[in-house]
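Residue numbers (my numbering), protein chains in the order written: chain A, 1 to 518; chain B, 1 to 257.
Read the hints as simulated data drawn from the structure, not as lab findings. Model, not experiment: these values are computed from the prediction. All C-beta atoms in this analysis are idealised placements derived from N, C-alpha and C, irrespective of residue type, glycine included. Fair warning: there could be bad hints in the mix.
SDA-like mimics (lysine to any residue), calculated; alpha carbons at most 25 angstroms apart, straight line [claimed, not checked]:
no., chain 1, residue 1, chain 2, residue 2
1, B, LYS105, B, ARG144
2, B, LYS105, A, SER369
3, A, LYS222, B, LEU94
4, A, LYS222, B, GLU98
5, A, LYS222, B, PRO92
6, B, LYS105, A, GLN137
7, B, LYS105, A, ARG136
8, A, LYS222, B, LEU135
9, B, LYS187, B, LEU135
10, A, LYS222, B, ASP123
11, A, LYS222, B, LYS187
12, A, LYS406, A, SER369
13, A, LYS222, B, ARG134
Computed far set for chain B versus chain A, every beta-carbon distance over 12 angstroms [said to hold, decoys possible]:
no., residue
14, LEU54
15, ARG63
16, LEU107
17, ALA126
18, ASP163
19, VAL203
20, GLU254
One-letter residues, chain by chain:
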Amino acid sequence: MSPRVADAFALLSEYLGWHVLLSASALALGLLISLPLAVAASRSPRLRWPVLALAGLIQTIPSLALLALFYPLLLALSALSLATFGQGFSALGFLPSLLALTLYSMLPILRTATAGILGVDPAVREAADGVGMTARQRLLQVELPLAMPVIMAGVRTAAVWTIGAATLSTPVGQTSLGNYIFAGLQTENWVFVLFGCAASAALAMIVDQLLGLIETGAARRKRGLVVAGVALLAVGLVAGLLPLASFGKPASYVVGAKNFSEQYILAELMAERLEGAGAQVTRKEDLGSAVAYRALAAGELDVYVDYSGTLWTNVLKREDNPGRAAVLAELTTELKRRDGVIVLGSLGFENAYAFAMRADRARALGVTSLADLAREAPRLTLGSDLEFLSRPEWKGVDAAYGFNFKAERSFQPTFMYRALSGGEADVISAFSSDGRIAADRLVVLTDPKGALPPYDAVILISPKRAGDTRLIEALRPLVGAITVEAMRAANYSVDRDEGKATPAEAARALERNLSARP
Amino acid sequence: MPSPAIELVDIEKRYGAHAALDGVSLSVGPGEFVALVGASGSGKTTLLKTINGLAWPDAGTVRVTGDLTAGRAPHELRRRIGYVFQEIGLFPHLTVGENIAITPKLLGWDRARMAARVDELLDLVALPREVAARLPAALSGGQRQRVGVARALAAQPAILLMDEPFGALDPVTREELGADYRALHEKLSLTTVMVTHDMTEAVLLTDRVVVLKAGRIVADGTPGHLLATSRDPDVLALLEAPRRQAERLRARLETAS
Chain A
1 MSPRVADAFA LLSEYLGWHV LLSASALALG LLISLPLAVA ASRSPRLRWP VLALAGLIQT
61 IPSLALLALF YPLLLALSAL SLATFGQGFS ALGFLPSLLA LTLYSMLPIL RTATAGILGV
121 DPAVREAADG VGMTARQRLL QVELPLAMPV IMAGVRTAAV WTIGAATLST PVGQTSLGNY
181 IFAGLQTENW VFVLFGCAAS AALAMIVDQL LGLIETGAAR RKRGLVVAGV ALLAVGLVAG
241 LLPLASFGKP ASYVVGAKNF SEQYILAELM AERLEGAGAQ VTRKEDLGSA VAYRALAAGE
301 LDVYVDYSGT LWTNVLKRED NPGRAAVLAE LTTELKRRDG VIVLGSLGFE NAYAFAMRAD
361 RARALGVTSL ADLAREAPRL TLGSDLEFLS RPEWKGVDAA YGFNFKAERS FQPTFMYRAL
421 SGGEADVISA FSSDGRIAAD RLVVLTDPKG ALPPYDAVIL ISPKRAGDTR LIEALRPLVG
481 AITVEAMRAA NYSVDRDEGK ATPAEAARAL ERNLSARP
Chain B
1 MPSPAIELVD IEKRYGAHAA LDGVSLSVGP GEFVALVGAS GSGKTTLLKT INGLAWPDAG
61 TVRVTGDLTA GRAPHELRRR IGYVFQEIGL FPHLTVGENI AITPKLLGWD RARMAARVDE
121 LLDLVALPRE VAARLPAALS GGQRQRVGVA RALAAQPAIL LMDEPFGALD PVTREELGAD
181 YRALHEKLSL TTVMVTHDMT EAVLLTDRVV VLKAGRIVAD GTPGHLLATS RDPDVLALLE
241 APRRQAERLR ARLETAS
């Protein structure tokens, strides 16, 4: 077995366990809500239309957005609950995923159950009244059993959707089979992506077949098939959940990461240091950029790495640029004052927007700075990633230097570097800590006017860990200890096409290369 | 005279602007076999359903064996009154035996008593006992209606309500089932109210014919009495119909031979 497949298998029991727990809970909750609602809708035509329309509307919201929207909603609810009852709850991870998937599972069940109950022969319904059944007996002994095959078809659809959509709970901090897919997409580890897809598809197919067994049993009135289906599902559920019992130990620290290689490596670096200090650590990776900071402020993450420019614009809503040191100093006081968040310090490198050129081309044109670039721009093509040209950073730097490129083209990051080496772009918007800058021997142009905001990588610590000396002492040696060259090398080892390292391997290599504190 | 098994007084029932029953009073004595006849929309089915609470009157009172039905749980009333209708409505997911034993089960009978009752009823409606284990879909239309009658009789009701019970059957089965039921009515001393639009069936099976027209009773008595006393042309036409049919039938059969 190739080492990457082995890596994937090592994570399977944990990811699968969470995936099973999440989708089974969502499906059970969905059934619990949908069935009574369907009964009510089948009884009242006035209720039927709005209920089915609302469920249909929910279905049209892209599932990733639905999951993401539950996070701020729950955060607000948690704050409200904290203010009212003195007890908050976690707005990250299981709860938002569960709620979104539950909503998602409701439409097929609602639709089929309503149609199934309405489809019961009116003569049979009249007979049920005629023999002296109460409304409840009629529902439980006649209508639901007769509608069961139709309802089961809806449950099957809901199960397949829920298991598929559960992979999207990774970005809101819930471990699932989606961890393979999101991590794999970021590090271009296609073995992981395929493994995640295959595992989720296999799970969905097995559950679908077992529910199909129950459906056939219900339709042909064969109790044996129903019992077999239910028993096999129960065995599968228990087998899937068993590994979680050993993962269930409460972790003392939660380390977060956003969704790119550098973040995975740094989270791993911090996690291993904490584990080295004897602590239990849970990793929450692939968090959305805005989600990560709010989760930290709310105490759901204990520590993660963010970038000064991002915090400056997104959290403090500032547009000015007083310089690298001033931004860092002001962030440290402001985040502490606003949210109680501790900025432990800069790791020592920046991951900023940077303009990069091939060394030979830069030399031939005599370009070393952005001012030189502005002079040559009318003869040059700018290649950028998909969002750079619509970001404030570009507007700022363009206003400062007055670029007038011959052409501006957007690429997916991998292709942006290929375009530069192939000559289709003369200069690109890179990230300064990207490993490919060193690997492709690119020149990063200087910014004499200071138009590009600083993006120092800083360690952020949650308010509730502000006085935690074990945590702080384990991580403080990282402050100022990572040079941009060391970070580039670590990133490149994960991003390259041949002989890829895992983020954990890259983190261990980085640990060995820490520079002495200045 | 014993107190009536069923007593309806001044029953009114409206569906929107349409008056389905417009001041109907009817008293049925114990052991009587009464036919409710009339054209479609005359209110005969609605009248039948007010007796077991499948329809509730807007005005008027209903008494069953002396007790007012208003204010009582309808399901308890229905467990004491057998109900058979044209579509039968056997529960397709239950066996014939389970269908027959449904009301006893709702009443909380024990298993052995229910099983014995199912056998007894299958004998009574002239079906082999083996059918108890089958699903209704495996039976013929006539057999299914016999199961329908057995189910209605299961909890030993004193009153049976029938709504066009044999309407969907072929003529031979229909006649046979009608005669069998008349015998059961006698044997079990039942009180039966049967809705039918077929005057021949009414005349052949029942003791008393009640004719409804536009939500009112326009005639009530034995067929001979009605023919002698009624002046309503519709009633007379209805009563004459079986005889006219019989005469035409004889005439045609004679010409043919």
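Now for the hints, and whether the structure bears them out:
no., hint, result
1, B:LYS105 / B:ARG144, "holds (20 angstroms)"
2, B:LYS105 / A:SER369, "violated (92 angstroms)"
3, A:LYS222 / B:LEU94, "holds (12 angstroms)"
4, A:LYS222 / B:GLU98, "holds (16 angstroms)"
5, A:LYS222 / B:PRO92, "holds (14 angstroms)"
6, B:LYS105 / A:GLN137, "holds (12 angstroms)"
7, B:LYS105 / A:ARG136, "holds (15 angstroms)"
8, A:LYS222 / B:LEU135, "holds (12 angstroms)"
9, B:LYS187 / B:LEU135, "violated (29 angstroms)"
10, A:LYS222 / B:ASP123, "violated (29 angstroms)"
11, A:LYS222 / B:LYS187, "violated (40 angstroms)"
12, A:LYS406 / A:SER369, "holds (18 angstroms)"
13, A:LYS222 / B:ARG134, "holds (14 angstroms)"
14, LEU54, "violated (6 angstroms)"
15, ARG63, "holds (19 angstroms)"
16, LEU107, "violated (8 angstroms)"
17, ALA126, "holds (22 angstroms)"
18, ASP163, "violated (9 angstroms)"
19, VAL203, "holds (27 angstroms)"
20, GLU254, "holds (42 angstroms)"
Checked against the numbered hints above, the structure breaks hints 2, 9, 10, 11, 14, 16 and 18 and satisfies the rest.
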